[in-house]
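Construct the entire structure; sequences and hints are all you get.
What follows is each chain in one-letter form.
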Amino acid sequence: DTGVSQDPRHKITKRGQNVTFRCDPISEHNRLYWYRQTLGQGPEFLTYFQNEAQLEKSRLLSDRFSAERPKGSFSTLEIQRTEQGDSAMYLCASSGNNEQFFGPGTRLTVL
Amino acid sequence: GQQLNQSPQSMFIQEGEDVSMNCTSSSIFNTWLWYKQDPGEGPVLLIALYKAGELTSNGRLTAQFGITRKDSFLNISASIPSDVGIYFCAGRLSGTYKYIFGTGTRLKVLA
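Residue numbers (the numbering used here), protein chains in the order written: chain A, 1 to 111; chain B, 1 to 111.
These are computed hints drawn from the structure, not numbers from a lab. Glycine included, each C-beta is placed from N, C-alpha and C at the ideal position. Among these hints, one or two may not hold up.
Cross-link-like lysine to any residue pairs, in silico, SDA-like; alpha carbons within 20 Å at most [what the hints assert, rightly or not]:
hint : chain 1 : residue 1 : chain 2 : residue 2
1    : B       : Lys51     : A       : Asn98
2    : B       : Lys36     : A       : Thr2
3    : B       : Lys98     : A       : Phe65
Quick look at which bits of chain A chain B covers, simulated, 3 or more residues with Cβ under 8 Å [unchecked claim]:
hint : stretch
4    : 46-59
5    : 90-98
6    : 102-111
Below is the structure:
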């Protein structure tokens with residue numbers, strides 16, 4: 001296992017379309033996080049899972065956003081009816097204790 | 001979203017110089033993490049701190065967990081061109097596994 005992986009690395013979509021991103025964490029890690037990062041800012045927390053349970057969600061995560069981790073392994077983040085303001089880097093991270101390791105991110109561009 | 005105060009915002013230094021940056025908050029944290037991020041990539045974990053007053057090194061990097069638990073510091077000694085990038089702190093609040101990130105310090109090293 002070489003670390004956290006994310007797919008796709010880049011996504012260009014038209015406003016109003018739905019998009020789904022996937023994250024595969026480090027295999028023995030039970031916690032998985034999603035963050036959003038816009039240009040010039042630090043990562044902003046969206047949500048995290050412990051195993052399959054979604055334990056906390058940010059108010060940044062509007063009704064158009066949904067995240068799942070059905071078997072406590074990989075996770076998906078779906079954005080419905082995308083808006084131009086959703087354009088950002090979406091980062092996934094996983095943790096087995098207190099250290100947190102990031103994937104390479106998915107760059108979303110909404111036209 | 002909530003972000004921690006990180007300073008300086010940016011630094012231009014000569015190769016070989018030492019660098020210091022810090023992160024402050026009004027909240028008390030149980031864990032501090034320091035990351036480096038290159039353009040278009042996910043943040044890479046540099047150092048993790050778990051106890052107030054803890055001083056930890058990783059090669060030329062040294063970080064400290066502030067005594068008040070509201071701040072943390074990162075020092076880079078004898079900077080080299082590959083130190084260029086954006087450095088982020090991240091703090092974990094008590095009673096949660098959620099991390100809050102700093103605003104970032106952009107480091108440029110002049111050869």
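Tell me, in ascending order, the numbers of any earlier hints that this structure violates.
The structure conflicts with no hint, since it agrees with every one listed earlier.
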